[in-house]
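Undergrad: Sequence:
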Amino acid sequence: MPTVLDKGPLASIIFEMRTWLRCMLPYTPYVAPFYPTPDSVINRVLDLTSVRAGDTVYDLGCGDGRVLLAAARRGARAVGYELDVELVRDAVESARKAGLEHLVKVVKADAASADVSDASVIALYLSDHGNSRLLKSVQATLKPGTRVASFYFPVGLPGWQERLLTKDNADGLNVYVYKAPSGQQHKEE
1 MPTVLDKGPL ASIIFEMRTW LRCMLPYTPY VAPFYPTPDS VINRVLDLTS
51 VRAGDTVYDL GCGDGRVLLA AARRGARAVG YELDVELVRD AVESARKAGL
101 EHLVKVVKAD AASADVSDAS VIALYLSDHG NSRLLKSVQA TLKPGTRVAS
151 FYFPVGLPGW QERLLTKDNA DGLNVYVYKA PSGQQHKEE
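Residue numbers (UniProt numbering): 1 to 189.
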């Protein structure tokens, strides 16, 4: 079965339009449209967060699973949360084809419900609003010191700017890496 991106230009445009529309609906759990993360950015995110075997990488809004597969190729355990059933199917199938299903888990659920207590790295490619909403939702299980990487959009929550470890701007594409603040800082928000 072809992936979302392999169905041709018209089907890809229709899928993209659908992802935009559902983000604009009131009370939607969708916080960003689907755009595949470029491979060069995925590698930078994993390099900047020093992902290696023994890490557990969560991708909140994992799309077609590109970040999950790249992390698993480095020996990390990878967990993705995704709402779109087609993208979940694509991510699971890609992990199976790559022989990485033992390291990759894809959960069809709202990432706001994720228990990230075993995450050493969290990857985000959402929106300003999406980053803030998701991190507020998972803060009860977010360990202080967890490396959080966001492609394109910074984290705009109180206490996070001071926790910015690096901002990488290779090729004009921003990647922000944070060290999650302690629970006490979250309570002050």
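Be aware that one or more of the hints could be misleading.
[Stated by the list, open to error] Quick list of the computed label-pair ranges, beta carbon to beta carbon:
no. : residue 1 : residue 2 : range
1   : Arg96     : Lys167    : 32 to 42 Å
2   : Ser117    : Leu165    : 18 to 28 Å
3   : Pro9      : Leu164    : 36 to 46 Å
4   : Leu173    : Ile14     : 25 to 35 Å
5   : Gly8      : Gln161    : 38 to 48 Å
6   : Gly75     : Ser117    : 36 to 46 Å
[Said to hold, decoys possible] Derived lysine-lysine pairs resembling BS3-like cross-links, with alpha carbons at most 30 Å apart:
no. : residue 1 : residue 2
7   : Lys167    : Lys179
8   : Lys108    : Lys179
9   : Lys143    : Lys105
10  : Lys108    : Lys143
11  : Lys167    : Lys143
12  : Lys105    : Lys167
13  : Lys97     : Lys136
14  : Lys179    : Lys143
15  : Lys167    : Lys136
16  : Lys105    : Lys136
17  : Lys108    : Lys97
18  : Lys97     : Lys167
19  : Lys179    : Lys136
Because the hints were derived from the structure by calculation, they are not lab data. Beta carbons: idealized from backbone N, C-alpha and C, even for Gly.
Undergrad: Now, for every hint given, state plainly whether the structure supports it.
TA: So, going through the hints one by one against the coordinates:
1. Restraint check, Arg96 to Lys167: a C-beta distance of roughly 36 Å satisfies the suggested window 32 to 42 Å.
2. Distance hint check: the CB atoms of Ser117 and Leu165 are about 21 Å apart, consistent with the given range 18 to 28 Å.
3. Remark: the range hint 36 to 46 Å for Pro9 to Leu164 is upheld by a beta-carbon distance near 38 Å.
4. In this structure the supplied range 25 to 35 Å holds for Leu173 paired with Ile14, their Cβ-Cβ distance being about 26 Å.
5. A beta carbon spacing of about 42 Å between Gly8 and Gln161 agrees with the range 38 to 48 Å that was offered as a hint.
6. A hinted range of 36 to 46 Å is violated for the C-beta pair Gly75 and Ser117, which are about 21 Å apart.
7. For the proposed pair Lys167 and Lys179, the alpha carbon gap of about 12 Å is at most 30 Å, so the pair holds.
8. With a C-alpha separation of about 27 Å, the suggested pairing of Lys108 with Lys179 holds against the 30 Å cut-off.
9. The straight-line distance between the Cα atoms of Lys143 and Lys105 is roughly 20 Å, inside the 30 Å bound, and the hint therefore holds.
10. Taking the CA atoms of Lys108 and Lys143, the gap is about 23 Å. The hint holds against a cut of 30 Å.
11. Under the criterion of a C-alpha separation no larger than 30 Å, the hint pairing Lys167 with Lys143 is consistent with the structure, at around 21 Å.
12. Between Lys105 and Lys167 the CA atoms are separated by roughly 29 Å; this keeps the pair inside 30 Å, and the hint holds.
13. Only pairs whose Cα atoms come within 30 Å are accepted, and Lys97 paired with Lys136 is rejected, the gap being roughly 34 Å.
14. Of the pairs offered as hints, the one joining Lys179 and Lys143 holds, with about 10 Å between alpha carbons and a cut-off of 30 Å not exceeded.
15. A C-alpha spacing of about 21 Å is found between Lys167 and Lys136, which places the hinted pair at or below 30 Å, so the restraint holds.
16. With a C-alpha separation of about 23 Å, the suggested pairing of Lys105 with Lys136 holds against the 30 Å cut-off.
17. At most 30 Å may separate the alpha-carbon atoms for a hinted pair to count; Lys108 and Lys97 meet this at roughly 19 Å.
18. A distance of roughly 34 Å separates the Cα atoms of Lys97 and Lys167; the hinted pair therefore is violated under the 30 Å criterion.
19. Restraint check for Lys179 and Lys136: the C-alpha separation of about 15 Å stays at or below 30 Å, so the hint holds.
In the structure shown, a violation is registered for the earlier hints numbered 6, 13 and 18, in ascending order.
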